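Asks: Given these sequences and hints, build the entire structure.
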Amino acid sequence: MPMQISEQGFKNRVEQGIEDDFMRGAVRSAQERLQTNRAIAAEELGDWEDWRTLGQEIRSHTIEHLDYYLHLLSENVSKLGGHVFFAETAEEANQYIKDVAQKKNAKKIAKSKSMVTEEISMNQALEEIGCEVIETDLGEYILQIDDHDPPSHIVAPALHKNKSQIRDVFEEKLGYENTDKPEELALFAREKLRQEFLEADIGITGCNFAVAESGSIALVTNEGNARMVSALPKTQITVMGMERIVPGWEELDIVVSLLTRAAVGQKLTSYITALTGPKLEEEADGPEEFHLVIVDNGRSNILGTEFQEALHCIRCAACINVCPVYRHVGGHAYGSIYPGPIGAVLSPLLGGYDDYEELPYASSLCGACTEVCPVKIPLHEQLIMHRKNMAEEKRTLLAERLVMQSFGKAAESPALFNTATKMAPFLTAPLSKEGKISKGIGPLKNWTDSRDFPEPNRERFRDWFDKRERRKSKNA
Amino acid sequence: MPKGEIYNRDSFLANIRVKVGGISPEIPVEKPNWSVSPQRNVLRGASQDELVQLLSDQCTQIHTDFFITTVDDLPSKLIEVFGFYEAESIVYSDDSRFSDYGIEQYLIEKKAFKWDNESREKSIEQSEKADIGITFSDITLAESGTVVLLNNPGQGRSVSLLPEKYIAIIPKSSIVKRMTQATDIINQQVKNNETIASSVNFITGPSNSADIEMNLVVGVHGPVRAAYIVIEDR
Ligand code: SF4
Numbered sequence: 001m002p003m004q005i006s007e008q009g010f011k012n013r014v015e016q017g018i019e020d021d022f023m024r025g026a027v028r029s030a031q032e033r034l035q036t037n038r039a040i041a042a043e044e045l046g047d048w049e050d051w052r053t054l055g056q057e058i059r060s061h062t063i064e065h066l067d068y069y070l071h072l073l074s075e076n077v078s079k080l081g082g083h084v085f086f087a088e089t090a091e092e093a094n095q096y097i098k099d100v101a102q103k104k105n106a107k108k109i110a111k112s113k114s115m116v117t118e119e120i121s122m123n124q125a126l127e128e129i130g131c132e133v134i135e136t137d138l139g140e141y142i143l144q145i146d147d148h149d150p151p152s153h154i155v156a157p158a159l160h161k162n163k164s165q166i167r168d169v170f171e172e173k174l175g176y177e178n179t180d181k182p183e184e185l186a187l188f189a190r191e192k193l194r195q196e197f198l199e200a201d202i203g204i205t206g207c208n209f210a211v212a213e214s215g216s217i218a219l220v221t222n223e224g225n226a227r228m229v230s231a232l233p234k235t236q237i238t239v240m241g242m243e244r245i246v247p248g249w250e251e252l253d254i255v256v257s258l259l260t261r262a263a264v265g266q267k268l269t270s271y272i273t274a275l276t277g278p279k280l281e282e283e284a285d286g287p288e289e290f291h292l293v294i295v296d297n298g299r300s301n302i303l304g305t306e307f308q309e310a311l312h313c314i315r316c317a318a319c320i321n322v323c324p325v326y327r328h329v330g331g332h333a334y335g336s337i338y339p340g341p342i343g344a345v346l347s348p349l350l351g352g353y354d355d356y357e358e359l360p361y362a363s364s365l366c367g368a369c370t371e372v373c374p375v376k377i378p379l380h381e382q383l384i385m386h387r388k389n390m391a392e393e394k395r396t397l398l399a400e401r402l403v404m405q406s407f408g409k410a411a412e413s414p415a416l417f418n419t420a421t422k423m424a425p426f427l428t429a430p431l432s433k434e435g436k437i438s439k440g441i442g443p444l445k446n447w448t449d450s451r452d453f454p455e456p457n458r459e460r461f462r463d464w465f466d467k468r469e470r471r472k473s474k475n476a
Numbered sequence: 001m002p003k004g005e006i007y008n009r010d011s012f013l014a015n016i017r018v019k020v021g022g023i024s025p026e027i028p029v030e031k032p033n034w035s036v037s038p039q040r041n042v043l044r045g046a047s048q049d050e051l052v053q054l055l056s057d058q059c060t061q062i063h064t065d066f067f068i069t070t071v072d073d074l075p076s077k078l079i080e081v082f083g084f085y086e087a088e089s090i091v092y093s094d095d096s097r098f099s100d101y102g103i104e105q106y107l108i109e110k111k112a113f114k115w116d117n118e119s120r121e122k123s124i125e126q127s128e129k130a131d132i133g134i135t136f137s138d139i140t141l142a143e144s145g146t147v148v149l150l151n152n153p154g155q156g157r158s159v160s161l162l163p164e165k166y167i168a169i170i171p172k173s174s175i176v177k178r179m180t181q182a183t184d185i186i187n188q189q190v191k192n193n194e195t196i197a198s199s200v201n202f203i204t205g206p207s208n209s210a211d212i213e214m215n216l217v218v219g220v221h222g223p224v225r226a227a228y229i230v231i232e233d234r
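Residue numbers (UniProt numbering), protein chains in the order written: chain C, 1 to 476; chain W, 1 to 234.
Hint data in this document are derived by calculation from the structure and do not stem from the laboratory.
As the structure is a prediction and not an experimental result, all values here were calculated from the model.
All the given hints hold, so there is nothing to weed out.
Footprint (simulated), chain W over chain C, 3 or more residues, beta carbon under 8 Å:
no., stretch
1, 48-60
2, 86-94
3, 182-196
4, 246-252
5, 280-286
Under the rule of at most 25 Å between Cα atoms (straight-line distance), these lysine-lysine pairs were calculated in the BS3-like manner:
no., chain 1, residue 1, chain 2, residue 2
6, C, Lys-376, W, Lys-31
7, W, Lys-77, W, Lys-110
8, C, Lys-79, W, Lys-191
9, C, Lys-103, W, Lys-3
10, C, Lys-108, W, Lys-129
11, C, Lys-388, W, Lys-19
12, C, Lys-103, C, Lys-234
13, C, Lys-173, C, Lys-108
14, C, Lys-376, W, Lys-19
15, W, Lys-129, W, Lys-77
16, C, Lys-98, C, Lys-79
17, C, Lys-98, C, Lys-234
18, W, Lys-122, C, Lys-104
19, C, Lys-173, C, Lys-163
20, C, Lys-79, W, Lys-3
21, C, Lys-98, W, Lys-3
22, C, Lys-376, C, Lys-388
23, W, Lys-122, C, Lys-192
24, C, Lys-11, C, Lys-394
25, W, Lys-191, W, Lys-3
26, C, Lys-104, W, Lys-3
27, C, Lys-108, C, Lys-98
28, C, Lys-192, W, Lys-129
29, C, Lys-192, C, Lys-173
30, C, Lys-234, W, Lys-122
31, W, Lys-129, C, Lys-234
32, W, Lys-122, C, Lys-108
33, C, Lys-234, W, Lys-114
34, C, Lys-192, C, Lys-181
35, W, Lys-110, W, Lys-129
36, W, Lys-172, W, Lys-77
37, C, Lys-107, C, Lys-173
38, W, Lys-122, W, Lys-111
39, W, Lys-122, C, Lys-107
40, W, Lys-31, C, Lys-79
Note that beta-carbon positions come from the ideal geometry of N, C-alpha and C, so glycine has one too.
Replies: Here it is as C-alpha cells:
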C-alpha cells in the first residue's frame with residue numbers, strides 16, 4: 001500500500017467519514033480509552049514533564065547528528081555480520097528487498113507491523129515477483145484479508161472496523177464459523193498464522209528504534225508476532241525509516257518508556273525485543289542472515305528545515321488519540337497512511353503539497369496534540385507553517401473552504417459539536433465567551449475563522465521565522 | 001562471523017551531512033549531559049521486599065499468575081503450577097540454573113525437552129508442541145512486571161514464545177526497579193566492548209492484542225498464559 005490510500009478527493013473522504021456512524025463511534029470510544037490510559041500512565045510515572053523534556057533532548061540531539069549515528073549503526077551491524085542497505089528512494093529499498101527474496105528463493109514471507117514498508121509499497125513489490133507476503137499483526141492481518149483495506153490509525157490499524165465486520169470478513173475469506181467475540185476471532189487468527197510463521201522463508205520487521213552504539217534493533221509489540229518473525233525464519237529483513245534511531249541503551253530506556261505510555265498507557269508492552277545482528281553460530285533459532293534496510297524516501301528533505309522536529313516523532317499516536325478533527329472524520333479521510341496531526345504534518349512533507357494540500361487545514365489548531373506529544377513536537381505550529389508556506393506559494397485556498405464546509409456539517413449537530421469541544425476546551429476558545437459559543441456565530445464560521453490562526457507560542461514562531469528568513473537569504 | 005556488506009552509505013550520508021551540518025563520521029559526537037534524569041527517581045529507595053510486592057501487584061495488571069517460594073519448595077511449587085496449567089509436555093532452556101536450583105532431575109523425570117542448540121528443527125518443533133516453556137529470568141523489572149532474558153545460545157528464543165504457557169523462574173536477587181537498571185547493565189557491556197546477547201527479550205506477561213474494537217484479548221501469537229515464580233534467596 002503506498003502512502004496515499006485514496007484516489008478520492010479530500011471533500012469526499014471527509015464526508016464519507018462523517019457519515020460512517022459506526023466508525024465514528026469506534027473512534028470516539030477508542031480515543032477516550034486511549035487518552036485516559038495515557039493520562040493515568042503518565043501520572044503514575046511521575047515527573048512526566050521531565051520525561052518529555054528528556055525525550056525531546058534525545059530526539060533533537062540524535063537527529064542533529066543523524067549522519068554520525070547512522071554511520072555508527074551500520075558499522076556495528078556489519079561487524080556482527082549483518083548487511084546494511086541505505087535506500088534513498090522507495091524503489092531502491094524495494095529492489096534490494098526483492099533481490100534478497102530472489103536470492104533466497106523465497107516463496108513465503110511473514111511480516112510484522114511496519115509503517116515504513118506500507119509507505120514504500122513493499123508488499124506489492126514482493127508480490128510482483130511471486131512472493132506471498134503475510135501480515136501477522138492482528139489488525140494488519142484483518143485489513144489484508146479484507147482486500148487490503150487501508151489502515152486508519154498508526155497503532156491500531158483496524159480501529160475503524162467493528163467485530164461483526166471482522167467476523168464477516170473472516171467468514172467470507174477464510175471460512176470462519178464462530179462468533180464475533182474478540183477472543184474467538186483472535187484465537188482463529190493465532191491458529192491460521194502459526195503455520196505461516198513456521199513455514200516462512202523470510203521474516204520482515206519494522207523498527208521502533210535502532211541503537212547506534214550496539215547495532216541493535218528494538219521492536220515494541222504486544223502480540224508476539226515480531227518475535228516469531230525474528231526467531232523462526234532463516235532470513236530476516238528489518239526496514240527502518242532513517243530517523244528511527246537513538247544513540248545508546250540509556251536513551252532506548254527513555255524513548256521506550258515514553259512510547260509505551262503515550263501509545264497505550266502500558267508501563268511496557270508485552271514484548272520489547274532488542275535484536276543485535278544475526279543469530280550466533282551456537283544459537284539454534286534466530287535468523288542466519290540479517291539485512292537492515294535504512295530508508296530515506298523524502299525524509300532528508302525535511303532535515304535542516306523548519307519541519308525538522310517532525311522527524312523526532314516516535315509514532316505513539318497520542319496526538320491522533322486527542323485530535324478532535326480525527327474524531328470527526330476518522331483516519332481514512334486524511335488519505336494517507338499517516339493520519340491525524342502528525343499525518344497532517346508529515347504527509348505533505350513526504351508526499352508533497354499537490355497531493356496533501358488540504359491536510360494542514362484538517363486541524364482546528366487547538367494545540368491538544370502538542371500538549372500530549374511525548375517528545376514535545378510543536379505539531380500545531382508545524383501545521384501553521386505549512387499553511388504559511390502554501391499561502392506563499394499562492395496555492396488556492398479553495399481546499400480550505402471545502403474542508404471547513406464539511407466540518408461545518410458535522411458541527412451543525414449541537415451534540416456532536418459539544419463532544420468535540422468538551423474534548424478540547426480550547427478548541428473554540430477564541431470564539432467562545434465564558435465557555436459558551438455565542439449563538440450568532442455558526443459553526444461554519446467558527447471553523448473558517450481558523451484561517452486567522454492563533455500563534456500560540458510567539459517566541460518559538462519568531463525563532464522559526466528568523467531562521468527561515470536567514471536560510472532564504474543564504475539560498476538567494 | 002565475517003563482516004556484513006554495507007551498500008550506498010557514502011552518498012546517502014553525505015546528503016544528510018550537508019543538511020545537518022555534520023563534519024565527518026570519524027569524529028565522535030559527544031553525547032550531551034541530558035538536563036534531567038527522571039528515570040533515576042522512579043522507586044528511589046525501594047527495598048528488595050518492596051520490589052517483590054510491587055512485582056506481585058503488577059502481575060494482576062498484566063494477567064500473570066504470581067507465586068513465591070523457597071529454593072527447597074521450588075520443585076513442589078512447580079508441580080503445583082503444572083497441575084494448575086494441565087501441562088503434559090514441557091520445554092526448558094539449556095541453563096545451569098535448572099540444576100543449581102535442584103529442579104532439573106524432576107524435569108528429566110517428566111520427560112521435559114531441554115533446548116538443544118545443536119538442532120534448530122528439533123528444538124523449534126518440540127517448543128511448538130509443548131504445553132509449557134520454562135526459563136529463568138536474568139533481570140526482573142518490578143515496575144512493569146517484566147522478565148528480561150539476555151538470550152544466550154542455550155536459552156532459545158522459542159522457549160518463552162512458542163508454548164501455550166510460559167513460566168519464568170525469578171531469583172529474588174534478579175529483581176530491580178525498572179528498565180533503567182537493565183539498560184544500565186547492557187550499556188555497560190557495550191561500553192566494555194563485550195558482545196551483548198543477540199536477542200534481548202523484555203517479556204511482560206502473556207501476549208495480547210487490542211486490535212479488535214480496543215478490547216483486550218489475552219493470548220495472541222505468543223503464550224496465552226504466563227506465571228512468575230519468585231524464589232527467595234538461599
Ligand atoms: S507526533 Fe508526537 S504524539 Fe504524534 S505520534 Fe509522533 S511522537 Fe506521538
